[in-house]
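Next come the chains, spelled out residue by residue.
Protein chains: 2
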Amino acid sequence: VGPEALLLWKSKSTFTSFGVFFLQMGWGDLGAFGEPSKETPNLDQMASEGMLFLDFYTANPLCSPSRAALLTGRLPVRNGFYTTNAHARNAYTPQDIVGGIPDYELLLPELLKKAGYTNKIIGKWHLGHRPQFHPLKHGFDEWFGSPNCHFGPFDNRALPNIPVYKDWEMIGRYYEDFKIDLKTGEANLTQIYLQEALDFISKQQASQQPFFLYWAIDATHAPVYASKHFLGTSQRGLYGDAVREIDDSIGKILKHLQKLGISEDTFVFFTSDNGAALISAPKQGGSNGRFLCGKQTTFEGGMREPAIAWWPGHIPAGGVSHQLGNVMDLFTTSLSLAGLQPPSDRQIDGIDLLPAILQGKLIDRPIFYYRGNEMMAVRVGLYKAHYWTWSNSWEEYGKGIDFCPGQNVSGVTTHTQEEHTNLPLLFHLGRDPGEKYPLSFVSDEYQRAMDQISAVVQQHKATMVPGEPQLNVCDKAVMNWSPPGCEKLGKCLKQPESDPKKCFWPH
Amino acid sequence: VGPEALLLWKSKSTFTSFGVFFLQMGWGDLGAFGEPSKETPNLDQMASEGMLFLDFYTANPLCSPSRAALLTGRLPVRNGFYTTNAHARNAYTPQDIVGGIPDYELLLPELLKKAGYTNKIIGKWHLGHRPQFHPLKHGFDEWFGSPNCHFGPFDNRALPNIPVYKDWEMIGRYYEDFKIDLKTGEANLTQIYLQEALDFISKQQASQQPFFLYWAIDATHAPVYASKHFLGTSQRGLYGDAVREIDDSIGKILKHLQKLGISEDTFVFFTSDNGAALISAPKQGGSNGRFLCGKQTTFEGGMREPAIAWWPGHIPAGGVSHQLGNVMDLFTTSLSLAGLQPPSDRQIDGIDLLPAILQGKLIDRPIFYYRGNEMMAVRVGLYKAHYWTWSNSWEEYGKGIDFCPGQNVSGVTTHTQEEHTNLPLLFHLGRDPGEKYPLSFVSDEYQRAMDQISAVVQQHKATMVPGEPQLNVCDKAVMNWSPPGCEKLGKCLKQPESDPKKCFWPH
Numbered sequence: 001v002g003p004e005a006l007l008l009w010k011s012k013s014t015f016t017s018f019g020v021f022f023l024q025m026g027w028g029d030l031g032a033f034g035e036p037s038k039e040t041p042n043l044d045q046m047a048s049e050g051m052l053f054l055d056f057y058t059a060n061p062l063c064s065p066s067r068a069a070l071l072t073g074r075l076p077v078r079n080g081f082y083t084t085n086a087h088a089r090n091a092y093t094p095q096d097i098v099g100g101i102p103d104y105e106l107l108l109p110e111l112l113k114k115a116g117y118t119n120k121i122i123g124k125w126h127l128g129h130r131p132q133f134h135p136l137k138h139g140f141d142e143w144f145g146s147p148n149c150h151f152g153p154f155d156n157r158a159l160p161n162i163p164v165y166k167d168w169e170m171i172g173r174y175y176e177d178f179k180i181d182l183k184t185g186e187a188n189l190t191q192i193y194l195q196e197a198l199d200f201i202s203k204q205q206a207s208q209q210p211f212f213l214y215w216a217i218d219a220t221h222a223p224v225y226a227s228k229h230f231l232g233t234s235q236r237g238l239y240g241d242a243v244r245e246i247d248d249s250i251g252k253i254l255k256h257l258q259k260l261g262i263s264e265d266t267f268v269f270f271t272s273d274n275g276a277a278l279i280s281a282p283k284q285g286g287s288n289g290r291f292l293c294g295k296q297t298t299f300e301g302g303m304r305e306p307a308i309a310w311w312p313g314h315i316p317a318g319g320v321s322h323q324l325g326n327v328m329d330l331f332t333t334s335l336s337l338a339g340l341q342p343p344s345d346r347q348i349d350g351i352d353l354l355p356a357i358l359q360g361k362l363i364d365r366p367i368f369y370y371r372g373n374e375m376m377a378v379r380v381g382l383y384k385a386h387y388w389t390w391s392n393s394w395e396e397y398g399k400g401i402d403f404c405p406g407q408n409v410s411g412v413t414t415h416t417q418e419e420h421t422n423l424p425l426l427f428h429l430g431r432d433p434g435e436k437y438p439l440s441f442v443s444d445e446y447q448r449a450m451d452q453i454s455a456v457v458q459q460h461k462a463t464m465v466p467g468e469p470q471l472n473v474c475d476k477a478v479m480n481w482s483p484p485g486c487e488k489l490g491k492c493l494k495q496p497e498s499d500p501k502k503c504f505w506p507h
Numbered sequence: 001v002g003p004e005a006l007l008l009w010k011s012k013s014t015f016t017s018f019g020v021f022f023l024q025m026g027w028g029d030l031g032a033f034g035e036p037s038k039e040t041p042n043l044d045q046m047a048s049e050g051m052l053f054l055d056f057y058t059a060n061p062l063c064s065p066s067r068a069a070l071l072t073g074r075l076p077v078r079n080g081f082y083t084t085n086a087h088a089r090n091a092y093t094p095q096d097i098v099g100g101i102p103d104y105e106l107l108l109p110e111l112l113k114k115a116g117y118t119n120k121i122i123g124k125w126h127l128g129h130r131p132q133f134h135p136l137k138h139g140f141d142e143w144f145g146s147p148n149c150h151f152g153p154f155d156n157r158a159l160p161n162i163p164v165y166k167d168w169e170m171i172g173r174y175y176e177d178f179k180i181d182l183k184t185g186e187a188n189l190t191q192i193y194l195q196e197a198l199d200f201i202s203k204q205q206a207s208q209q210p211f212f213l214y215w216a217i218d219a220t221h222a223p224v225y226a227s228k229h230f231l232g233t234s235q236r237g238l239y240g241d242a243v244r245e246i247d248d249s250i251g252k253i254l255k256h257l258q259k260l261g262i263s264e265d266t267f268v269f270f271t272s273d274n275g276a277a278l279i280s281a282p283k284q285g286g287s288n289g290r291f292l293c294g295k296q297t298t299f300e301g302g303m304r305e306p307a308i309a310w311w312p313g314h315i316p317a318g319g320v321s322h323q324l325g326n327v328m329d330l331f332t333t334s335l336s337l338a339g340l341q342p343p344s345d346r347q348i349d350g351i352d353l354l355p356a357i358l359q360g361k362l363i364d365r366p367i368f369y370y371r372g373n374e375m376m377a378v379r380v381g382l383y384k385a386h387y388w389t390w391s392n393s394w395e396e397y398g399k400g401i402d403f404c405p406g407q408n409v410s411g412v413t414t415h416t417q418e419e420h421t422n423l424p425l426l427f428h429l430g431r432d433p434g435e436k437y438p439l440s441f442v443s444d445e446y447q448r449a450m451d452q453i454s455a456v457v458q459q460h461k462a463t464m465v466p467g468e469p470q471l472n473v474c475d476k477a478v479m480n481w482s483p484p485g486c487e488k489l490g491k492c493l494k495q496p497e498s499d500p501k502k503c504f505w506p507h
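Chains as they are written, first to last, in my numbering: chain A, 1 to 507; chain B, 1 to 507.
Among these hints, one or two may not hold up.
[Unchecked claim] Residues of chain B placed beyond 12 angstroms of chain A at every Cβ, according to the derived structure:
| id | residue |
| --- | --- |
| 1 | D141 |
| 2 | H314 |
| 3 | G490 |
| 4 | Q495 |
[Unchecked claim] Straight-line C-alpha distance at most 20 angstroms; calculated SDA-like pairs for lysine to any residue:
| id | chain 1 | residue 1 | chain 2 | residue 2 |
| --- | --- | --- | --- | --- |
| 5 | B | K283 | A | E445 |
| 6 | B | K38 | A | G430 |
| 7 | A | K38 | B | V320 |
| 8 | A | K436 | B | G237 |
| 9 | B | K38 | A | I315 |
| 10 | B | K399 | A | S410 |
| 11 | A | K38 | B | H322 |
| 12 | A | K361 | B | T233 |
| 13 | B | K166 | B | S482 |
| 14 | B | K461 | B | Q347 |
| 15 | A | K361 | B | S234 |
| 16 | B | K399 | A | Y437 |
| 17 | A | K183 | B | S440 |
| 18 | B | K283 | A | R448 |
| 19 | A | K436 | B | Q284 |
| 20 | A | K436 | B | K183 |
| 21 | A | K38 | B | I315 |
| 22 | A | K283 | B | Y446 |
| 23 | B | K283 | A | Y446 |
| 24 | B | K283 | A | L439 |
| 25 | B | K361 | A | T233 |
| 26 | A | K183 | B | E445 |
| 27 | A | K283 | B | V442 |
| 28 | B | K183 | A | S440 |
| 29 | A | K38 | B | A317 |
| 30 | B | K183 | A | E445 |
| 31 | A | K436 | B | I279 |
By construction, these hints were calculated from the structure, which means they are not laboratory data. Every residue, glycine too, gets a C-beta built ideally from N, C-alpha and C.
Only chain A is shown next, with the shape it has when bound in the complex:
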């Protein structure tokens, strides 16, 4: 999880810049979306100056596939960010993953480069950490951050600590050179990532170079941290402290754009890569408001995301949109802002949101909820049909792993994979955003809605060509033992022998 931001900028005369904030925060974590403590004044102000999207989704209930989807404009099942090791399993890019973003995929920064944009990623890449997957090989010009999550500390024997890169080379590792104190929850990483963003924006403005900034920081992913200044400032505990720091950082970035006089030339979007991780709540996880369950699931809490578009002078202030949106749309929308066309040689799932953002139009489109290789559910209009339901296995649940704490809905949050393809479970998300009251199978309303949804699903399945799955094979040898630059730092570690295996994805 993590809220994330996109910033895309083009100078007054010739270009527009973009930014995406993309982080792990839940729908319910923002004041503007109803968090009971209302501790996000900067994001709330961003919303009041821009447009709030109430029906915005991520492409996957887990981080790596969502990030791959944002940057390719394609569903993970197309761009390869999924597994076929077992049915309907969430998979991501741990240190021993062999796969990563395929060369065949065209990433947003690769395309923007052709239009003269300087592209920077700050934070977590998560699209593979082996050399061929390096972000600078996929269109980014600059990188400050890590290839994987900030899990740890590790012992550097069984498992290396996660490296932090500056562009091509590692400049240190988490817990070693970039401290995270798990006892106090203190770490100044968000401040470092904030400064990187401010500096990059200043540099681009000074040189009048259009930019695409992808601010995809690690916070608020567990283990949760905040810098000293923010510790203990929230009513919500450490998680809330982290949210406050992110909120403050985003406020500073927006004010920086304004100070430099380029806010009206910079399109900024804030959203999140998956729902809040309720298994970590309340101390290390956030809130999905009144939506069902969290990260890892295809219920609304797993995939409905907070989303704000900000572009002073262009987006009407205080707008609220019911447009069904998806992180993949940021790919297509950014291309549109840059005057570029999306690739025509492949299926692009993202749509151009500009008519919704600038003219308040509503574009009819479905939302597909995938878990690994399975389409679990689909939303059309206000109706959502579940073709498969699963929270996690009884075995995991018995160990205390609960993706829906305090939210068991009988027959819905099932602990076995339940197939409903012949008679999908149908919810009306307007009357029942919490997915608690399935419609009666014998009602006219059910029949009418399913007639429409079935046609959408049939069309989707008939034309679906899955990509080569990238998240099937794991190998200890591919871990971050000796990232480029390790020699200079004396931080190269001994790589074990290769022993490729099927990755184990429990849920």
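Keeping the supplied structure of chain A fixed, place chain B upon it in accordance with the hints.
Only chain B this time, still in chain A's reference frame:
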């Protein structure tokens, strides 16, 4: 349930007016509080022009006792609005209730009268319907509305239809003269109540008479209705249509105050008498956001309420307050606005919120959660301790009556009355507003918080003098058979013989 409004007005030179909107809406029903459809633009604007209270409570999870508490400034266990027929039971004023508001109680309008205020109640009185309980005998000068909920239609033999009063006399009955179409959900009652409010305000402004308006309409209580213009306009179904109509009405009332030039002299407060009735959701009930359970319970969903204070030119716009507030505070605050002192011969539970509203001060005070004759829980700061837990009985639950649908929390939403007085269940409402994760009994945090809470509870219990319970006896003979004025309308019904019994309160 029902959102409700208070309006209190005094002219520039000599007086301030008050209004309370007091209705059955849940915390999560307003856009400003995070309802996912954001369909309350007028209430959201009221919040942005005024002050949002995030930690505001009702005095009881049921309507009659809450209304008695608002108007007396006292807990229902003091003012008699509770039952001792069984332990910890919710009770209200159905048609066969014998009791009502005791003469000994001093109601807000009685006190305001002494300061020259004209007091009007529009909507549901709910403090007893026998002649001695009539609102005009308890300080109100005008009344337009009903003594009981708009349940029905009844047959006028076993049960009479609910009368609608204009001042002293009935002017018709629900379903007969005031139509409610249960099939289509159409009724224009909210429009009638809106017009009554606008006319009253105009009249008072014209005559320069200060006023207290208590707009306590029936909607959104089930059976839910909306007028034709609003039917089908919400993404949330009929309940949402009703919310939209209320939102629209409140917007019109506020604009009317502005148009008449008296908005800066009128203090307006919006809140609700209990949490949304989740047993009626989603078609006939609202949302409590991420709070646990709903109406009838002492979990947050049953008693945390949306609350907005509005007084242009006095209350800083866009304020957000974490002051722990209670509907009983509206009694004390209104007296303060009118320059009056609360009675000193009795315990008043409400506090004056003006320092919180006007100067942003935080006043330390506990919140007590009563169910009938039992203090179930208490909140001190961000901690809430449950001394008793109960949702409803297994017997009722087995019949499908569920106050916590899709929200079972093991050991918390219990179906037997569970006593925890020796070791209360403790929640941190900042980290865990949904009351899902009880603190460990052996933690330092538990010990520290309970030390503080125990002292508060001990003091509260030591000084508690319960009032004579008013909701113990029921009798068919006291129903609305022949309200005053029935002769003129030919609507007097035959009263059965008196047969007083203990009322049955199942939960």
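Each hint tested on the structure:
1. With a closest Cβ-Cβ approach of about 39 angstroms to chain A, D141 (chain B) is found to remain outside the 12 angstroms limit, as its non-interface label requires.
2. Every Cβ of chain A is farther than 12 angstroms from the Cβ of H314 (chain B); the closest lies at roughly 22 angstroms, confirming the non-interface assignment.
3. The Cβ of G490 (chain B) lies farther than 12 angstroms from every Cβ of chain A, with a closest approach of about 42 angstroms, so its non-interface assignment holds.
4. For Q495 (chain B), the condition that its CB be more than 12 angstroms from all CB atoms of chain A holds, with the nearest at approximately 42 angstroms.
5. Between K283 (chain B) and E445 (chain A) the alpha-carbon distance is near 14 angstroms, which keeps this suggested pair within the 20 angstroms criterion.
6. For the proposed pair K38 (chain B) and G430 (chain A), the alpha carbon gap of about 11 angstroms is at most 20 angstroms, so the pair holds.
7. Note on K38 (chain A) and V320 (chain B): the hinted pairing holds, with a Cα-Cα distance of about 8 angstroms set against a maximum of 20 angstroms.
8. This hinted pair checks out: K436 (chain A) and G237 (chain B) have alpha carbons roughly 15 angstroms apart, not beyond 20 angstroms.
9. At most 20 angstroms may separate the alpha-carbon atoms for a hinted pair to count; K38 (chain B) and I315 (chain A) meet this at roughly 19 angstroms.
10. Restraint check for K399 (chain B) and S410 (chain A): satisfied, since their Cα atoms lie roughly 16 angstroms apart, inside the 20 angstroms limit.
11. Straight-line distance between C-alpha atoms of K38 (chain A) and H322 (chain B) comes to about 10 angstroms, which keeps the hinted pair within the 20 angstroms bound.
12. For the suggested pair K361 (chain A) and T233 (chain B), the alpha carbons sit about 18 angstroms apart, so the restraint of at most 20 angstroms is met.
13. Between the alpha carbons of K166 (chain B) and S482 (chain B) the distance comes to roughly 15 angstroms, so the proposed pair stays at or under 20 angstroms and holds.
14. The straight-line distance between the Cα atoms of K461 (chain B) and Q347 (chain B) is roughly 13 angstroms, inside the 20 angstroms bound, and the hint therefore holds.
15. This hinted pair checks out: K361 (chain A) and S234 (chain B) have alpha carbons roughly 18 angstroms apart, not beyond 20 angstroms.
16. With a C-alpha separation of about 17 angstroms, the suggested pair K399 (chain B) and Y437 (chain A) falls inside the 20 angstroms cut-off, and the hint holds.
17. At most 20 angstroms may separate the alpha-carbon atoms for a hinted pair to count; K183 (chain A) and S440 (chain B) meet this at roughly 19 angstroms.
18. Of the pairs offered as hints, the one joining K283 (chain B) and R448 (chain A) holds, with about 19 angstroms between alpha carbons and a cut-off of 20 angstroms not exceeded.
19. Restraint check: the Cα-Cα separation between K436 (chain A) and Q284 (chain B) comes to about 14 angstroms, which is no more than 20 angstroms; the hinted pair holds.
20. Proposed proximity of K436 (chain A) and K183 (chain B) is contradicted: the alpha carbons are some 24 angstroms apart, above 20 angstroms.
21. Proximity of K38 (chain A) to I315 (chain B) is assessed by CA-CA distance (about 19 angstroms); at most 20 angstroms being required, the pair is judged to hold.
22. Distance check on the hinted pair: K283 (chain A) and Y446 (chain B) sit about 15 angstroms apart at the alpha-carbon level, within 20 angstroms; holds.
23. Between K283 (chain B) and Y446 (chain A) the CA atoms are separated by roughly 15 angstroms; this keeps the pair inside 20 angstroms, and the hint holds.
24. A hinted pair counts as satisfied when its Cα atoms are at most 20 angstroms apart, and K283 (chain B) with L439 (chain A) qualifies at roughly 11 angstroms.
25. Taken as a hint, the K361 (chain B) and T233 (chain A) pair is honoured in the structure, with Cα atoms around 18 angstroms apart against an allowance of 20 angstroms.
26. A distance of roughly 16 angstroms separates the Cα atoms of K183 (chain A) and E445 (chain B); the hinted pair therefore holds under the 20 angstroms criterion.
27. In summary, the hint linking K283 (chain A) to V442 (chain B) is supported, as the alpha carbons are separated by about 17 angstroms, within the 20 angstroms threshold.
28. Restraint check: the Cα-Cα separation between K183 (chain B) and S440 (chain A) comes to about 19 angstroms, which is no more than 20 angstroms; the hinted pair holds.
29. A distance of roughly 16 angstroms separates the Cα atoms of K38 (chain A) and A317 (chain B); the hinted pair therefore holds under the 20 angstroms criterion.
30. With a CA separation close to 16 angstroms, the supplied pair K183 (chain B) and E445 (chain A) stays within the 20 angstroms bound.
31. For a cut-off of 20 angstroms, the pair hint linking K436 (chain A) to I279 (chain B) stands: about 12 angstroms separates their Cα positions.
Checked against the numbered hints given earlier, the structure breaks only hint 20 and satisfies all the rest.
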